[in-house]
Structure formats: C-alpha cells, structure tokens
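Novice: Residue numbers (our numbering), protein chains in the order written: chain F, 1 to 248; chain R, 1 to 205.
By construction, these hints were calculated from the structure, which means they are not laboratory data.
Predicted, not measured: the structure shown is a model, and the values here were computed from it.
Wrong hints could be hidden among the right ones.
What the hints assert, rightly or not - Calculated pairs, EDC-like style, for lysine to aspartate or glutamate (alpha carbon to alpha carbon, straight line, at most 16 Å): (1) Lys87/R with Glu52/F; (2) Lys157/R with Asp134/R; (3) Lys124/F with Glu107/F; (4) Lys198/F with Asp25/R; (5) Lys228/F with Glu195/F; (6) Lys157/R with Asp12/R; (7) Lys198/F with Asp175/R; (8) Lys87/R with Glu206/F; (9) Lys129/F with Asp103/F; (10) Lys156/R with Asp12/R; (11) Lys124/F with Asp136/F; (12) Lys124/F with Asp165/F; (13) Lys124/F with Asp173/F; (14) Lys157/R with Glu173/R; (15) Lys183/F with Asp146/F; (16) Lys87/R with Glu107/F; (17) Lys87/R with Asp136/F; (18) Lys198/F with Asp134/R; (19) Lys124/F with Glu52/F; (20) Lys198/F with Glu167/R; (21) Lys183/F with Asp93/F; (22) Lys124/F with Asp204/F; (23) Lys87/R with Glu58/F; (24) Lys87/R with Asp71/F; (25) Lys124/F with Asp71/F; (26) Lys183/F with Glu107/F; (27) Lys164/R with Asp59/R; (28) Lys129/F with Asp93/F; (29) Lys183/F with Glu52/F; (30) Lys129/F with Asp173/F.
As the list claims (entries may be wrong) - One-sided excerpt, in silico: chain F residues whose CB lies under 8 Å from chain R: (31) Gly162; (32) Trp172; (33) Leu187; (34) Ala207.
The C-beta atom is built at its ideal place from N, Cα and C for all residues, glycine as well.
If you want the building blocks of each chain, they are given just below.
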Amino acid sequence: MTAPSDATALAPILSAAVAEDSNGSPITPGLIAHRGGPVNGTADTLAVQFGEAVLRTEVVWGETTVYLRADMLHAAVRWLHDTPSERYDYLVDITAVEYRDADRPLEVVWHLRALQRRRFLRLKVELVKRQPLVVDSIIDIYSGADWLERECYDMFGIRFDGHPDLRRILMWDTYREGFPLRKDFPLRGRFSRAEQLKQALAADPEARYSVNELSIAEAFDSLPEDMKRRIAARDETARDNAAAEFDA
Amino acid sequence: MPTNDARLVTVDPAAQDGWVATRLDFLVNWARAGSLWPMPFGTACCAIEFMATAASRFDLARFGMERLSYSPRQADVLICAGRVPLKLAPVLRRIYQQMPQPKWVISMGACASTGGMFDNYAVVQGIDTIIPVDVYVPGCPPRPEALIHGIIMLQKKVMQERLKDRELHVEMEPDPTSQLYIPPSRIDELSEPFGNSVHQTRSAP
Chain F
1 MTAPSDATAL
11 APILSAAVAE
21 DSNGSPITPG
31 LIAHRGGPVN
41 GTADTLAVQF
51 GEAVLRTEVV
61 WGETTVYLRA
71 DMLHAAVRWL
81 HDTPSERYDY
91 LVDITAVEYR
101 DADRPLEVVW
111 HLRALQRRRF
121 LRLKVELVKR
131 QPLVVDSIID
141 IYSGADWLER
151 ECYDMFGIRF
161 DGHPDLRRIL
171 MWDTYREGFP
181 LRKDFPLRGR
191 FSRAEQLKQA
201 LAADPEARYS
211 VNELSIAEAF
221 DSLPEDMKRR
231 IAARDETARD
241 NAAAEFDA
Chain R
1 MPTNDARLVT
11 VDPAAQDGWV
21 ATRLDFLVNW
31 ARAGSLWPMP
41 FGTACCAIEF
51 MATAASRFDL
61 ARFGMERLSY
71 SPRQADVLIC
81 AGRVPLKLAP
91 VLRRIYQQMP
101 QPKWVISMGA
111 CASTGGMFDN
121 YAVVQGIDTI
131 IPVDVYVPGC
141 PPRPEALIHG
151 IIMLQKKVMQ
161 ERLKDRELHV
171 EMEPDPTSQL
181 YIPPSRIDEL
191 SEPFGNSVHQ
201 TRSAP
C-alpha cells in the first residue's frame, strides 16, 4: 500500500521523530521529565487550527495532552485523522477519569497514535458533573471506537452522541445499579447479594442474539430444537421496548 | 444330568469362576465413580491448573476422567474452575440444568467457592448460590494434587450413594419468580464481607 515514493517522502519526518544510535537502531529515550519537555508539534497546529477550542496543553512523562472544548472534539479528531501532515490513523483507547475531588470535572480521554510518524497524542475533554455527560461519538472517523465508547458508557455513564448502538457491553443489558467506575458507586454495588443474583439470573444471556449476529443463518436448521425455538420466538419489538424502558 | 428345557438356567456347581455376587448399589456406583466425565467450566487461572491436571504429568485419565466433555449433555461432573461474574451466572445455571442426572459439581478454587478476593459488584460470591456443589477445592489456584484429592473425595461420595435414596439426584427447582434455589436471606448471610474486605465499602462523598 505504501508506494516507494511515499516512503522516501517520509524519511526526513521519521528521522526527526526517532532518536537513533550509530547503527540506526531506535534509542529508547531516558531521563524524561515528569512535567514539561518537548511538546508534540500537533498541539501547536491544533491551537492554530481551532483557536479557543484548545483550552490548554500539558506534557506529562513526555506525552502531550491537549484539552479541548467538548463541542469541537469531533471536528478536531476529524482534522487529526484526515490532514495529510497529521495522519493520526490509530485510535488506541477511549476512557474516562473521575477524581475523588467532587468539584473536579470528569475527564474523557482519547489516545491517538500516528503509526507512520511515530507520534502519540492524548486528547481530553472535561465534563462538569451534575450536567448531562455527553460528548460526540467519533465512530464515523474510527470504527474501532464502537466498543470503546460502549465500555466508557457502561462504566462511567458518559453518553456518546451519534453512536448507533450505545448500550452496555461488560455488564448485562438490564443492569440497574448504575455505573460501576463512578466514585459514588460502592465497591459491592448498591443492591444486596441476593438481589444482585436474582437480577443476574433473570437476565437472558441470549437476549441480543439474532441469527445474523451469530452468523449461523445457514446452520439454523442443524441447531438443537430448544435453541431454535428460543431464537425464533425472540420478538424484536419486545426487546426494543425493554431497551426503551431501561433508557427511560 | 442335563435337561433340554430352555426355560431353566443350569448351573454347574463345579465351575463357579464366571460368577460374581455383589450388591447392585456397589456395582452401579463403581461404574459411575470410575467413569466420571467432566464438563470443564474454566473461566480463570484455575482452568490452567485444571489443564495441567488433565495433561500427562498428573494424568486425570487414571481416574477414568480422560474424556473431557465439552457438551453438558454428555457430562457427569461440572468442574467450575475460576471466578464467575454475575453476567455468567445464568449461563452457568443453564449449563448445569442441561446436564443429565446423575450429576455432580466440583467448585475449584477460592473464587468459585466464595468469590475469593473479588468481593465486588461483578463477581458471584460462591457458585453454591447458583447451583448445588458437592466438593469444594480450596486454593488460589489449587495445585493439581489438590484437584485430584477433590476428585477422589467425589468418587468416595459416589461410592456411598444408595439407589433407594430418593433424595439423591433430584433435579433442583429454583423459585420461579426469583430463580434462586436457596432463600435470599441465606445468600446474603453467606456472602457477608469477611477479613480485609469489611473495610472496602467506602466510596467518595
């Protein structure tokens, strides 16, 4: 996919990005300061491009963090992904941080990597508590954001606007105790053990199975009778009603 | 004096080598205990030790268990090796219900038996709150010798069963509304925090 001409065009960028020893092997940088140090050049171009939407920039352990305004996040990620000079082609992770200090806002974190340029960039958006925790989904830019955003929603209750299928991923669909990684969530959960077990046993492990999802459409006839019955009896509308009730 | 009547069984008292007299109980139990087919339900590191037990060094085949059954419908023993998240509870329950009687359950390791160190919102505090358990194997994870000890204990238990005992091998019937098979108060009592975990309930204001 990479044409030779492309590789030669990249050579000066790569040589600037990575320290090498006399044999040409990359050197792991040592003595990195906890705070401060060289800033990823993307931070400055982002500030030029988006102006006031870039709130501030931090460098911690040699990694650059850019704080963005929530409403400009999607545009910034789109720009980072599409601009030829940036090419952040790999979404490493989406997660969130809540601090014990109740007044501190909740942070949503995106880790981006430009594989060919060997650059790492961390984006953060601060969400004030006691307001709706909503940010834009970037699933239209990185398809891999699908499950990452679902996990972030499942654990922190942050809604990703524009995600086509935002529902729980680690806990089961009908989980009602809240969002486990929030600081106000007790370690053992809110309900008694018996109640938790009762609700867990009531959950249908096959609730989201469909013939298409399982890729067993062609093997449907050879399934055991009881499984065929369960899948056939599954009513799409009933499931949607249950999901709507849960959202309400 | 030989007779030609086909309805009669003739016994030659001089040749008794082909005859063994025994209790039917003993014969059935001996057959069952010698060919327990395990259904491995491995969810964590205990499953690694279980694999070591099944492999040639510890050789589970010595106890008639070399045939691991990956379908519950052909299994006798459910070996639950590892922690069971609450999300997996209905799966474990269904697998147990799919096994035909007679069936037994070995709970392998601290997490399967009590929840272990995972006294949190996500993990079942002992699989005996979901399904009946015959043998608990302690350890984190248990060494293969410990699992084999548990298996031998189960074999002894099987050898003591009586066919006329109607209490044995009755399919459990969970409460239709709560799906629990033991009272909720008992479950809460069983899964009370203990040890260090009593200090872990605090959360941020």
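Novice: Now, for every hint given, state plainly whether the structure supports it.
Specialist: Hint by hint, here is what the structure shows:
1. A threshold of 16 Å between alpha carbons decides the hint, and for Lys87/R with Glu52/F the separation of about 45 Å lies outside it, so the pair is violated.
2. Proximity of Lys157/R to Asp134/R is assessed by CA-CA distance (about 9 Å); at most 16 Å being required, the pair is judged to hold.
3. A threshold of 16 Å between alpha carbons decides the hint, and for Lys124/F with Glu107/F the separation of about 6 Å falls inside it, so the pair holds.
4. Of the supplied pair hints, the one linking Lys198/F and Asp25/R is violated, its CA atoms being roughly 39 Å apart against a limit of 16 Å.
5. A hinted pair counts as satisfied when its Cα atoms are at most 16 Å apart, and Lys228/F with Glu195/F does not qualify at roughly 31 Å.
6. For the suggested pair Lys157/R and Asp12/R, the alpha carbons sit about 38 Å apart, so the restraint of at most 16 Å is broken.
7. About 10 Å separates the Cα atoms of Lys198/F and Asp175/R, which keeps this hinted pair within 16 Å; it holds.
8. Annotation: proposed proximity of Lys87/R to Glu206/F holds, straight-line Cα distance about 11 Å (limit 16 Å).
9. Proposed proximity of Lys129/F and Asp103/F is supported: the alpha carbons are some 8 Å apart, at most 16 Å.
10. Restraint check for Lys156/R and Asp12/R: the C-alpha separation of about 37 Å exceeds 16 Å, so the hint is violated.
11. Taken as a hint, the Lys124/F and Asp136/F pair is honoured in the structure, with Cα atoms around 13 Å apart against an allowance of 16 Å.
12. This hinted pair does not check out: Lys124/F and Asp165/F have alpha carbons roughly 23 Å apart, beyond 16 Å.
13. Distance hint between Lys124/F and Asp173/F is unfulfilled; the C-alpha atoms sit about 28 Å from each other, more than 16 Å.
14. At most 16 Å may separate the alpha-carbon atoms for a hinted pair to count; Lys157/R and Glu173/R exceed this at roughly 23 Å.
15. Taken as a hint, the Lys183/F and Asp146/F pair is broken in the structure, with Cα atoms around 25 Å apart against an allowance of 16 Å.
16. Between Lys87/R and Glu107/F the CA atoms are separated by roughly 28 Å; this puts the pair beyond 16 Å, and the hint is violated.
17. Using a Cα cut-off of 16 Å, the hinted pair Lys87/R and Asp136/F is violated, with the two alpha carbons roughly 29 Å apart.
18. For a cut-off of 16 Å, the pair hint linking Lys198/F to Asp134/R is broken: about 22 Å separates their Cα positions.
19. With a C-alpha separation of about 15 Å, the suggested pair Lys124/F and Glu52/F falls inside the 16 Å cut-off, and the hint holds.
20. The hinted pair formed by Lys198/F and Glu167/R fails the criterion: a straight-line CA distance of about 26 Å is larger than 16 Å.
21. Proposed proximity of Lys183/F and Asp93/F is contradicted: the alpha carbons are some 21 Å apart, above 16 Å.
22. Between the alpha carbons of Lys124/F and Asp204/F the distance comes to roughly 36 Å, so the proposed pair goes past 16 Å and is violated.
23. Using a Cα cut-off of 16 Å, the hinted pair Lys87/R and Glu58/F is violated, with the two alpha carbons roughly 40 Å apart.
24. Straight-line distance between C-alpha atoms of Lys87/R and Asp71/F comes to about 35 Å, which puts the hinted pair past the 16 Å bound.
25. Note on Lys124/F and Asp71/F: the hinted pairing holds, with a Cα-Cα distance of about 12 Å set against a maximum of 16 Å.
26. Of the supplied pair hints, the one linking Lys183/F and Glu107/F holds, its CA atoms being roughly 13 Å apart against a limit of 16 Å.
27. Distance check on the hinted pair: Lys164/R and Asp59/R sit about 34 Å apart at the alpha-carbon level, beyond 16 Å; violated.
28. A hinted pair counts as satisfied when its Cα atoms are at most 16 Å apart, and Lys129/F with Asp93/F does not qualify at roughly 22 Å.
29. Distance check on the hinted pair: Lys183/F and Glu52/F sit about 31 Å apart at the alpha-carbon level, beyond 16 Å; violated.
30. Pair hint Lys129/F plus Asp173/F does not hold up; C-alpha atoms about 24 Å apart against a cutoff of 16 Å.
31. Using the Cβ-Cβ criterion of 8 Å, the hint placing Gly162/F at the interface with chain R is not satisfied: the shortest such distance is roughly 27 Å.
32. The beta carbon of Trp172/F is positioned within 8 Å of a beta carbon in chain R (closest approach about 5 Å), and the interface hint is therefore held.
33. At its closest, the beta carbon of Leu187/F sits 5 Å from a beta carbon of chain R; the interface hint therefore holds under the 8 Å criterion.
34. Interface restraint check: Ala207/F against chain R, minimum CB-CB distance 10 Å, threshold 8 Å, status violated.
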